[in-house]
Each structure stands twice: as structure tokens, then as C-alpha cells.
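Undergrad: Sequence:
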Amino acid sequence: MPSTADSRPKTDWWAEAKGVFWLVLAVLAFHSFLAKPFYIPSESMMPTLIKGDRLVVTKYPYGWSYVSPSITRIPGAPGRWLGRLTGQDYLSIPFIHGRLFGHLPQRGDVVIAKPPTQYTDYIKRVIGLPGDRIELRNGVVILNGVPVKRQFLSPAMIPIDPNIPCDTPDVYRLRVTGPDGREYCQMPRVRETLPNGVSYDTIDLGPGGQNDDYPALTIPEGHVFLMGDNRDQSADSRVSSMEGGLGGPVPVENLGGRAEFITFSLDGTSTLWNPISWFTAMRGGRAGTSLRPAHAEAPAQ
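Residue numbering for the sequence shown follows the UniProt record's numbering, starting at 1 and increasing by one per position.
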């Protein structure tokens with residue numbers, strides 16, 4: 001009789017490798033063409049999004065472009081070596097005009113954008129479309145000669161935690177203690193309503209911000225003007241690329257997708273080696289929050 005060890009079937013490592021390959025390919029295809037997760041790394045979209053939010057971004061609403069694939073460049077030393085052969089810093093997909101099944105976003109959409117000179121995804125809100133004339137005066141957005149409607153609301157009470165420390169010089173003065181004994185960042189909140197009736201909340205720290213004024217500009221064909229909701233703390237289309245901003249209107253080819261909803265949010269207290277902290281760090285009340293802006297009755301044109 002053969003031994004038990006001899007009767008065991010041998011592992012087909014080639015079949016296992018092919019299975020893993022097709023699984024990875026399926027995940028990359030899903031991320032590239034349908035949807036992908038996204039992490040909020042900064043405070044530029046407060047109060048809509050706060051650092052630590054995880055959300056879903058859909059890839060298909062505006063069609064697909066050269067930034068749609070999950071991997072647009074080869075990282076690390078191999079990418080640098082191959083990039084030098086092609087005259088690039090890294091081997092990457094070059095800019096390609098046009099979108100497959102392309103559609104323009106709507107004013108007010110929250111989108112993922114890749115700056116023309118960088119490989120980092122930014123998340124901002126679409127304010128101006130091709131042909132719009134946009135200007136900012138004292139923090140007020142003026143679209144096609146008409147100031148965007150603004151409504152001052154009660155402050156946004158954002159709980160202070162390791163991800164939202166509220167400790168920079170321009171916001172430290174906004175720290176308050178709430179009735180529950182917890183510390184909050186009490187940020188001035190202004191609701192904007194765009195000409196298409198889309199409404200959303202912004203943070204405005206008051207006059208004197210370095211990006212409160214922007215000279216009148218007609219947005220070129222095939223471009224959109226993007227801004228963060230945290231107007232005084234956002235490197236967006238108002239900010240030059242040398243200062244880490246988007247450097248003006250962004251080509252529609254550089255839009256990577258539309259933000260849909262928050263899946264969960266972490267306050268920054270979790271650690272990799274403590275599984276319990278993965279749950280205790282969860283912020284309550286943010287999961288499932290839609291990122292599609294509310295629509296009011298559009299004003300007459």
C-alpha cells in the first residue's frame with residue numbers, strides 16, 4: 001500500500017500563479033474602469049470631507065482617460081531607470097488628449113484630479129466649466145459676472161482628534177470646548193449655491209486669505225476650474241503648481257473619477273499591531289454619507 005504522504009496530490013504551482021495573476025488583473029480592471037477606494041489625506045475639503053475619511057470614487061461618470069488606470073507610472077528604481085530611457089523622471093503613461101465616452105462634470109461635483117505636473121491625486125469640487133468666466137473677490141466666487149449666492153450658517157463643529165488637531169496658527173483660535181466636554185474646532189461655515197442650483201458648505205476663515213482674490217479668467221475649452229471647500233487651506237486651481245496647487249484650470253483628461261459616498265472614517269488613533277484600535281478609531285455617523293451635492297431650485301438666468 002502506498003504511504004499517506006505519497007498519495008497526496010502535488011501542488012500545481014503554475015496553476016496557483018495563474019490564479020493569483022488573474023485575480024490581481026481583475027482587481028486592477030475594477031479599480032481602473034468601475035470604482036476604487038480613496039483616502040482623504042488633508043483638510044482641504046472640510047467640512048464636506050475630513051482627514052481620515054475613506055470613500056468610493058467611481059471611474060465611469062466622465063468616461064475614461066489616460067489617468068483612469070490604477071497604475072499610471074512604474075514606481076521606485078525600475079521606474080526611474082526606465083524613465084531615463086524615455087526622457088522622463090519615471091516611466092509613466094504620457095498625456096493623451098480626449099476621453100473614451102467622455103462627459104463633462106456638473107458644477108458642484110466632487111472629483112479626483114491628477115495635476116498635470118504631479119502623480120498625486122487631488123480631491124476638489126468643480127466650480128467652473130469650459131467657457132465660464134471666473135473671478136474671486138474677497139473670497140466671493142463670481143461666475144460669468146454674477147456673484148455666487150452665499151449664506152452664512154452656524155459654525156461647523158468638527159471634533160478635535162489626531163487627524164484634525166486644529167493646531168495651526170490660523171485655526172488654533174477656533175478651539176472650543178463643547179457642552180459634552182469634548183474639544184472642537186469651531187470653523188466658520190458658508191453655504192454656496194451655484195447657478196445650476198447645487199448647494200454645499202464651505203469653510204471661510206474671513207477676509208485677508210492669500211487665495212481670497214483671483215483675477216478674472218475665461219476657462220479654456222476642455223478644462224475645469226477646481227476648488228477645495230476649505231477655501232483658505234486648499235491648494236487648488238487658484239494656486240500655482242510651484243506652490244503645490246493645480247496651477248489654474250485642469251484638463252478634463254486629468255479627472256480620474258467622481259466621489260460618491262464615505263465608507264468609513266478613522267480619527268488617527270489606530271495602530272497596525274492593535275486590531276482593537278481599528279474599531280475604536282472609527283468616527284461615528286460618517287459611514288454612508290453621500291458626496292453628491294444637494295440641489296435647490298435653480299435661480300432664473
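Source of the hints: derived by calculation from the structure; they are not laboratory data.
Treat the hints loosely; a few may be bogus.
[What the hints assert, rightly or not] Here are the simulated SDA-like pairs of lysine to any residue, each with C-alpha atoms no more than 20 Å apart in a straight line:
| id | residue 1 | residue 2 |
| --- | --- | --- |
| 1 | 149 | 133 |
| 2 | 149 | 189 |
| 3 | 149 | 197 |
| 4 | 149 | 294 |
| 5 | 149 | 196 |
| 6 | 149 | 63 |
| 7 | 149 | 292 |
| 8 | 149 | 198 |
| 9 | 149 | 106 |
| 10 | 149 | 118 |
| 11 | 10 | 20 |
| 12 | 149 | 20 |
| 13 | 149 | 163 |
| 14 | 149 | 81 |
| 15 | 149 | 241 |
Undergrad: Are the Cα atoms of residue 149 and residue 189 separated by 20 Å or less?
TA: With a Cα-Cα distance of about 14 Å, the restraint between residue 149 and residue 189 holds, given a limit of 20 Å.
Undergrad: Taking only the CA atoms, is the gap from residue 149 to residue 241 under or equal to 20 Å?
TA: Judged against 20 Å, a Cα distance of about 29 Å means the pair is violated.
Undergrad: Below or equal to 20 Å on CA atoms is what counts here, so check residue 149 against residue 106.
TA: holds, 17 Å
Undergrad: Are the Cα positions of residue 149 and residue 20 separated by 20 Å at most?
TA: Distance of about 53 Å is beyond 20 Å: violated.
Undergrad: If you draw a straight line from the CA of residue 149 to the CA of residue 63, is it 20 Å or shorter?
TA: violated, 31 Å
Undergrad: Holds or violated: are the alpha carbons of residue 149 and residue 294 at most 20 Å from each other?
TA: The given pair, whose Cα atoms are some 14 Å apart, holds under the 20 Å limit.
Undergrad: Taking 20 Å as the top limit, are the C-alpha atoms of residue 149 and residue 198 close enough?
TA: The hint holds at about 11 Å.
Undergrad: Holds or violated: residue 149 with residue 118, Cα cutoff 20 Å?
TA: It is violated: about 33 Å lies between the C-alpha atoms, which goes past 20 Å.
Undergrad: Are the Cα atoms of residue 149 and residue 81 separated by 20 Å or less?
TA: Measuring from Cα to Cα gives roughly 51 Å; hence the hint is violated.
Undergrad: Is residue 149 close enough to residue 197, meaning Cα to Cα at most 20 Å?
TA: holds, 10 Å
Undergrad: Is residue 149 within 20 Å of residue 163, Cα to Cα?
TA: Violated, at roughly 31 Å.
Undergrad: Does residue 292 lie within 20 Å of residue 149 when you go C-alpha to C-alpha?
TA: Given that 20 Å is the threshold and the Cα spacing comes to 19 Å, the pair holds.
Hint compliance for this structure: hints 6, 10, 12, 13, 14, 15 are not met, and every other hint is.
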